[in-house]
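Protein chains in written order, with my numbering: chain A, 1 to 339; chain B, 1 to 315.
Everything labelled a hint here was simulated from the structure, so no lab data went into it.
Note that the structure is a prediction, hence the values are computed from the model and not measured.
Ideal placement from N, C-alpha and C gives every residue a C-beta, glycine not left out.
A couple of the hints might just be wrong.
To be verified - Computed far set for chain A versus chain B, every beta-carbon distance over 10 angstroms: (1) Ala100; (2) Gly139; (3) Ala219; (4) Arg244; (5) Glu319.
As the list claims (entries may be wrong) - In silico lysine to any residue, SDA-like type, Cα no more than 20 angstroms apart, as pairs: (6) B:Lys274 / B:Gly246; (7) A:Lys63 / B:Pro125; (8) A:Lys81 / B:Lys274.
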Amino acid sequence: MTHLLEIDHLSVDLVTHRRYRKVLQDVSITVEKAEVVSLVGESGSGKSMTARSVLNLLPAQGKMSGNIAFEGQSLMDNTNKDWQRFRATKAAMIFQDPRASINPVHRIGDFLTEALVHNRDMDRHEALERAATILEQVGIDDAKRRLRQFPHELSGGMLQRVMIASVLLIEPQLILADEPTTALDVTTQADVIAILDDQRAQREMAMLFITHDLELAAAFSDRIAVMYAGYIVEVSTPAQLHARPLHPYTAALLRSRPLLHERTERLPQISGRPLSAFEAPPGCPFQDRCPYVQAQCSESLPPTQLINGSIVRCHRANELELASTASADAGTEGGQSRE
Amino acid sequence: MSRYLLRQLLGMIVLLLVTSFVIYASLFLAPGSPDALLFGAHTVSPALRAAVNRQYHLNDPFLQQYWYWLVNVLHGNFGTSITYRTPVALRLSAAAPVTAFLVIYSAILIIVSGVALGVLSALRPGKLDTLIMTATNIGTAVPTFVAGLILLAIFGVKLNWFPVYGAGAGFFDRLRHLTLPAVALAFWAVAYLTRVTRTSMREELQGDPVMTARSRGLSRRVVVQRHAFRNALIPIVTVAGLQVAGLIAGTVIVEQVFGLNGLGELLLTSVQDKDFATVQAVSLILVAAFIVVNTLVDITYTMLDPRIRLGANQS
Ligand SMILES: Nc1ncnc2c1ncn2[C@@H]1O[C@H](COP(=O)(O)OP(=O)(O)O)[C@@H](O)[C@H]1O
Ligand code: SF4
Ligand SMILES: [Mg+2]
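Next up, chain B with everything else stripped away, as it sits in the complex (with noise of 0.2 angstroms):
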């Protein structure tokens, strides 16, 4: 088991390590000189010339570059920006906790109410299950941005009920401002959810361990419990996991209609700047929640399942 879970960390960090060198080794593959993409059309002082030549040993070997830059990187020193001549870990700090809270609140959402929604249609055929399926039919129709205008016009413009632009200062006030961001994100994913839960769940239900746990009396919620919904959780897991890596990817766009400053939005107007420094970390950042996530669902999944936690040595 220990074994395993050192396996998975290791091929972690080896991947991440990889992407690190990717993202970094972009400022060389991309067209033109290190130093025009750096300095762009800006006109720089001879002082902060000197100063970004430094961040990115640019006189120095390739690999000694990246070295320099990871260690960098690690110890929180993503450099300078140069179109706003400001550290670039001090816009991260402003823009982070933004999407961190957002992906978080959608993933609760997301998971919460698929699994909750699911298990109860496929525990409650007839009406219930209908009217559930019937609005996951259109929750998997709607788009995330149409679903974010939709809910921006209703609740936040003509409701009233939550704010419609920013992200608050403060928990309960952030959780306000991120409420219809967070809703408009999960929203085609929880009516995904819900059907892969239900559909797994009705699977189990009808399937042999099901009926052996049936057969020798245990009560409805036991096997519910532990047979139906345990054997659920593999397929059920494996998705929502593959949803809460999306949702980071899909920050980008939520954070454009409801106006939040998080990494999505800096990473969009840190392109259309040409700032190339706050790029590379942004991407950087990202690409590794992507990667920490889905080994997490990975970790977890494997936890599920015996047979691939222990392998399949008979004896």
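So that you can see chain A by itself, here it is in the shape it has in the complex (with noise of 0.2 angstroms):
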């Protein structure tokens, strides 16, 4: 079967002080068509890279090694134009920050309509005239108006509606979104989602969500993926994670809630600092903050074993019952191994 999008084996080195560092370690995930995949992670965990890796959009002189294919083309050989094609018409991102992501020096329309216009020869009249109907279905009025308004004209809520609305004029068949709500006021987040989700659902377009919100992301995905230190160490339901979490750190991850209305990234239930991936230890890189660490978890990296469905990269996750809430495990040091 292929899938939409099926990252294999992305490994990602970027460099930092004149130096090459691994930030994405055996990364593996598939999105199928429509379907809502979340990434979520600390912060460093990769998540951007991952997203970044798929429209070939690494910082300078970053380096990608393993498979991206796209309904079942490798993209890995593309040239710039055949790059160029791919984002003009089959993936777009929606990137964190618009008050930094939109150009300020051009108006709203210009954003709006500049990809209708140089890629797809659209008449500007044209490609106004849909860029207002879209604004319109994201929930901004006055639409006319706001085209020609600038950036610094319109409050972050209403910017990262224009951008999910370019996102939508192109018509991909996959949103990248990076932590879209992230940079927003606290109120307008529930709502910037909803639409975002609400529109993506009607055009039936798939989605890669990155949050480091595991409650948010379980909230609307089909499937979560849990990154840390640049690897993948989870990929289950909603459901599942629920359930029953198969690595400790979803486990930590679910206990600690980071809350919607909160922008810490940080979780105060383990200790330690992430890491990324370069900075992680030979084994398994969540070693030095894991209740359960044993001495096979320094000698070997654990590789990925499939669960009741699920993916785990931990060599304990066959043994270990772990729990999604503090109350169940209490007094038990978080969690009992079956022994």
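Two chains, two frames, some hints: make the complex.
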């Protein structure tokens, strides 16, 4: 079966301080047509780089290896022109901070229509008409006036709706949404997410949704992939994650429940700080923070295993019985071994 | 928008008035009586003395004197040079076109080559970029008058490609005569503007708006023109504007090196000759040109950045 998007054993190296450093390790994930897959993890775990790899938009000198395929076609041998065509038609990205990402010197109308005008030779007036229609669909009224305004004249929530509209105008099959509400006012976050998911669903577009908020991801994803230090450590459905998380990191994330209205990306209940892939020790990347660590954890990288339809990367996944709430395993130091 | 423009122009006029007042008042602030300053060691006929007294209205109240002087200046009447016994306006009309030509010629050289080299450098990392950066390193280290002397020695004296002296007559002859001076004047500024352009282009190319534009599948040409270059223009225009305004002062040096009878040269000789009326007139013109250029730059700058143009009113 061909997937809409298939990322297969993707590794990415970026240059920092003149040295190549690994930021993604052996990342494999699929997205089906009209499916919503969330990437969840703490800051620096590699969520953004995963999404940017799909569009070949890594920082300068970034290198990727492994395979990315779209509708069964590998993108790895794409020329620049191929990439341009792919971005113009197949997959489009919603960036985290619309205030930074939307060019402040051009009018909203120009931002919304430039892809149509330059990539599809659409007449400017027709493109503006279309942009106005979509603006109304994402909940912006007085669209005609908005089109003539500049980005700084709109609030953050409005601007992110403009960003969503710009993606809908491209009519891609896949939306890559990189923390689309993290930079917004808490009062508008829920609205913006609702509009995004609603419009996406109406058009049967698939979405790779990035968030550090597992709760939010669970609310409307078909599947969730949990990332840690450049690895995907667990892929599961929201129901299964809640019933029985397989990876200790997922369990910790579930217990710490970062709420929608909190901006913090830290997990107060797990000691230690999140690592980037290049900082991770040999063996399991989570070993320094894991309450179940054993000798084998530092000896070898746990392979991915399939358990009850979920994918997990932990040596002890089969034997651990983890809970998703703090109360369920109170007094037992966060879980039990089956033994 | 037009309200903004109006405010800029009003500001400029006020600044010009204040400057003209300061320049006029300097006649009275300088040590010695205006009389002594105006005539210095010259022996003048009673007729001329009377004419100068009339010209400066030395017997009227100060503000009234200033007003008369200003009205005269606005009519192109800058009074009479005591040293040369000719109208100052006549001397200005010979010198000003030389300086204006030199400044405009040099400004075009700076803007065109500085921006072109900077953009090229930013878009083509590697050998070309290294070459351009090395050249600008040298360029920024060479003072204008040294650049002038070197150019004069190589292209004027040794190769004999360009005249070494004088401003020429007629457009093309003047162009030939003023090429070396204009290049000397532009030398440092081109190097500096190249670096500024390169840095701001690089920054924009790495920036978020460019990534967004690329993510939408826009071609490299559109990304570079509509996003990288368009945004980089804001710092480029600021620096280029300062440089062009600075050229006005720079001409004083270059006119000396190349023996050009421009305003800078006129200013220096008038100071030596204690020709006060001419000094006043030239200072006024140079400062006024400086203010006008700066205002033009301000207007261009704000036209490029809607955040300034429209204020930060959220809705
Ligand atoms: N422009 C960059 N150059 C080099 N390294 C980067 C760059 N951007 C991010 N990184 C590194 O890549 C890793 C993954 O980052 P990212 O994908 O942005 O994480 P996330 O989106 O999950 O917060 C981090 O270690 C980060 O430091
Ligand atoms: S492999 Fe070991 S250290 Fe890693 S998550 Fe599993 S138990 Fe913890
Ligand atoms: Mg990120």
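Hint by hint, which ones does the structure fall short of?
1, 6, 8
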